[in-house]
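Visitor: Since the structure of chain A is provided, determine the placement of chain B on it from the hints.
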Amino acid sequence: DTEVTQTPKHLVMGMTNKKSLKCEQHMGHRAMYWYKQKAKKPPELMFVYSYEKLSINESVPSRFSPECPNSSLLNLHLHALQPEDSALYLCASALAGGVNEQFFGPGTRLTVL
Amino acid sequence: GEDVEQSLFLSVREGDSSVINCTYTDSSSTYLYWYKQEPGAGLQLLTYIFSNMDMKQDQRLTVLLNKKDKHLSLRIADTQTGDSAIYFCAEKGGRGTDKLIFGTGTRLQVFP
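As given, the protein sequences belong to chains A and B, one line each in that order.
Number 5 in this note's numbering belongs to position 5 of the first sequence; there are no gaps in the numbering.
One rule links them: number in this note's numbering = place in the second sequence (from 1) + 1000.
Because the hints were derived from the structure by calculation, they are not lab data.
If you're wondering where the values come from, they're calculated on a predicted model, not measured in any experiment.
Careful, some of the hints might be misleading.
[Said to hold, decoys possible] Derived DSBU-like pairs: lysine-lysine, alpha-carbon spacing no greater than 30 Å straight-line: (1) 38/A with 22/A; (2) 40/A with 1099/B; (3) 1070/B with 22/A.
The following block holds chain B by itself, in its conformation from the complex:
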């Protein structure tokens, strides 16, 4: 199957860390991505990880990949109100396709 699942909603206090989780199903996925979408806007690529990596850090963002469990997470350190948005994980289909399969999306709300 091609279902990529995420929890619907996450609420965190400003300054805390946020962890957004994603479960994918295609074990042949070569790349996995995290996108951010603010209200009324397009999607912004935050980061991606190659499937042979376990972790990738980029400033406040840390991506963890557990390939055995097909689990991907995005940790945002020192979460700010500007981080409030919907976050989508996505996987690149295997076998040379240029198609991305998006997760269901997690709405992150940051409160002061």
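Looking at chain A on its own, in the form it has when it is part of the complex:
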């Protein structure tokens, strides 16, 4: 299995809602990533988990809360988001260290109303 899967594909939420994005991989990768991508821009790194521990937080607002329950799963909990948080949220995974070939999921298209 060489895929990174993400659910849901699309999500529309209000500013008072709480929702979660999910990411899963079964490649034995121990580094997992959340990126945010706005239209016509490169992905911006949000969080990195290495061996299920948060290793990088790129000063992301606390309304985004990551969680890595085990080595195959990565969640992003969303609460009280703003319309400017609307974007494509990408998950990626890689073997920790070394070449760092990151495999990306298809993303969740998030719209905040």
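Guide: Positioned in the frame of chain A, the structure of chain B alone reads:
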């Protein structure tokens, strides 16, 4: 600085070669990558090159690295309409980090 620059747009005729350029700034980068992103999709790793190499060829793709000028290029031979996408270069930050820094992206349009 951590800016990785690419030209915004490239248009080529089907069957011609495409060359996408990238300029990076971190001389301690150990690996450099090329990713492809089709509309509405995630990023697909095409190839990567280790910083002590000058060139890497993989089927229709050729990567050239000029470390002195911090310049990376991706040549696609016999470009097809299916190659139309946005191409991002990326560098791996030095000193053991797992962080990638992406370039601004080049939109490649292939016309018949």
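Visitor: Now tell me, hint by hint, if it's right for this structure.
Guide: These are the hints, each one checked on the structure:
no., hint, result
1, 38/A with 22/A, "holds (19 Å)"
2, 40/A with 1099/B, "holds (21 Å)"
3, 1070/B with 22/A, "violated (37 Å)"
In summary, the one numbered hint that this structure violates is 3.
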